[in-house]
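A.B. asks: From just these sequences and the hints, can you work out the full model?
The sequence shown begins at 89 in the working numbering and counts up by one.
Note that these hints are calculated values from the structure, not bench results. Just to be clear, a hint being listed does not mean it is correct.
Taking lysine-lysine and the BS3-like style, the derived pairs with C-alpha atoms no more than 25 Å apart in a straight line are [stated by the list, open to error]: (1) K104 <-> K232; (2) K194 <-> K208; (3) K208 <-> K222; (4) K308 <-> K194; (5) K308 <-> K222; (6) K194 <-> K292; (7) K232 <-> K222; (8) K208 <-> K104; (9) K276 <-> K232; (10) K308 <-> K292.
Computed Cβ-Cβ distance ranges for the label pairs, DEER-style [claimed, not checked]: (11) K222 <-> V160: 32 to 40 Å; (12) T353 <-> I198: 17 to 25 Å; (13) L317 <-> G179: 39 to 47 Å; (14) G278 <-> K104: 14 to 22 Å; (15) S202 <-> E230: 38 to 46 Å; (16) L317 <-> T272: 26 to 34 Å; (17) H96 <-> F340: 15 to 23 Å; (18) S313 <-> K232: 19 to 27 Å; (19) G105 <-> D200: 48 to 56 Å; (20) P336 <-> E151: 23 to 31 Å.
The beta carbon of each residue, even a glycine, is placed where N, CA and C say it ideally should be.
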Amino acid sequence: MISETLRHPLSLFDMKGRVAIVTGASGAFGRGCAIALAALGVKQLLVSGSAGELEDVVAEVREVGGEVLSMVRRPDSLADAEAMVRVAVDGFGHVDRLVVASGYNKAGFIQDLSYDDWQKVMDANVRAPWFMAKAVGSYFIEQKIRGKVLLMSSVRGRHGNYSGYTGYCTSKGATDGLTRVLATEWAKYGITVNAIAPTVFRSKLTAWMYGDDEVGRATKARSLSRIPLGRLGEVEDLIGMAVYLLAPASDFCTGQVMYVDGGYTAG
89 MISETLRHPL SLFDMKGRVA IVTGASGAFG RGCAIALAAL GVKQLLVSGS AGELEDVVAE
149 VREVGGEVLS MVRRPDSLAD AEAMVRVAVD GFGHVDRLVV ASGYNKAGFI QDLSYDDWQK
209 VMDANVRAPW FMAKAVGSYF IEQKIRGKVL LMSSVRGRHG NYSGYTGYCT SKGATDGLTR
269 VLATEWAKYG ITVNAIAPTV FRSKLTAWMY GDDEVGRATK ARSLSRIPLG RLGEVEDLIG
329 MAVYLLAPAS DFCTGQVMYV DGGYTAG
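C.D. replies: Now the structure itself:
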């Protein structure tokens, strides 16, 4: 007997009627996810602290036929995260997907980096995802929703960097740990938790590497020397993995940090 899944494998990527909250929606990865998910029929609450940039993304999502709400807010507290859940549920009836695409970096060697700057990185990359996971996960459990959570990690969660990433590497290592522990805690509820870990890809955070700045050019060259495929990443390189981790195709995949890095971590 051939199963329906084997007869219709693309059904594994059917997400029509799903509802997602996407934080950091005005950033490169958040924007890419939002547009792709909209094209697949996912309704979304898009969240960002940048009103003007968020408006642009909302317009793009609607251009591909997406049903969308927006909220200018950052998950700086549990109250912020819970407010996002309420807005999404009030607007769409439920939520079953969370994409934490927000992030921040402040480079600096430990002897030069202030504690305040280090803490800002940790707040954005660790505390904010924890708040979002707590608010959305609690809702999933209460409502008996077998939801999916997607966090944003980096190869820097596994590898150090000699360009002053004492905050960023530490925060992404914490993201990897959060991914694994939530996956084990929530497995009994049917909730999956995974993370995407790219190498350098084009975004606002890495724009300095793509210009004429000497340090940027040198950093880009060092990164390229470690990537077997011979190029840096683009947002489009990450979207296939994001769709997989949010679709039914990944129902038996949880607690994984999925490297989308051109082979960086293989060598």
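A.B. asks: State for each hint whether it applies.
C.D. replies: Hint-by-hint comparison with the structure:
no., hint, in the structure
1, K104 <-> K232, "holds, 20 Å"
2, K194 <-> K208, "holds, 8 Å"
3, K208 <-> K222, "holds, 20 Å"
4, K308 <-> K194, "holds, 17 Å"
5, K308 <-> K222, "violated, 36 Å"
6, K194 <-> K292, "holds, 13 Å"
7, K232 <-> K222, "holds, 15 Å"
8, K208 <-> K104, "violated, 37 Å"
9, K276 <-> K232, "holds, 11 Å"
10, K308 <-> K292, "holds, 15 Å"
11, K222 <-> V160: 32 to 40 Å, "violated, 21 Å"
12, T353 <-> I198: 17 to 25 Å, "holds, 24 Å"
13, L317 <-> G179: 39 to 47 Å, "holds, 41 Å"
14, G278 <-> K104: 14 to 22 Å, "holds, 20 Å"
15, S202 <-> E230: 38 to 46 Å, "holds, 40 Å"
16, L317 <-> T272: 26 to 34 Å, "holds, 33 Å"
17, H96 <-> F340: 15 to 23 Å, "holds, 18 Å"
18, S313 <-> K232: 19 to 27 Å, "violated, 50 Å"
19, G105 <-> D200: 48 to 56 Å, "holds, 50 Å"
20, P336 <-> E151: 23 to 31 Å, "holds, 26 Å"
Hint check: violations occur at hints 5, 8, 11 and 18; the rest are consistent with the structure.
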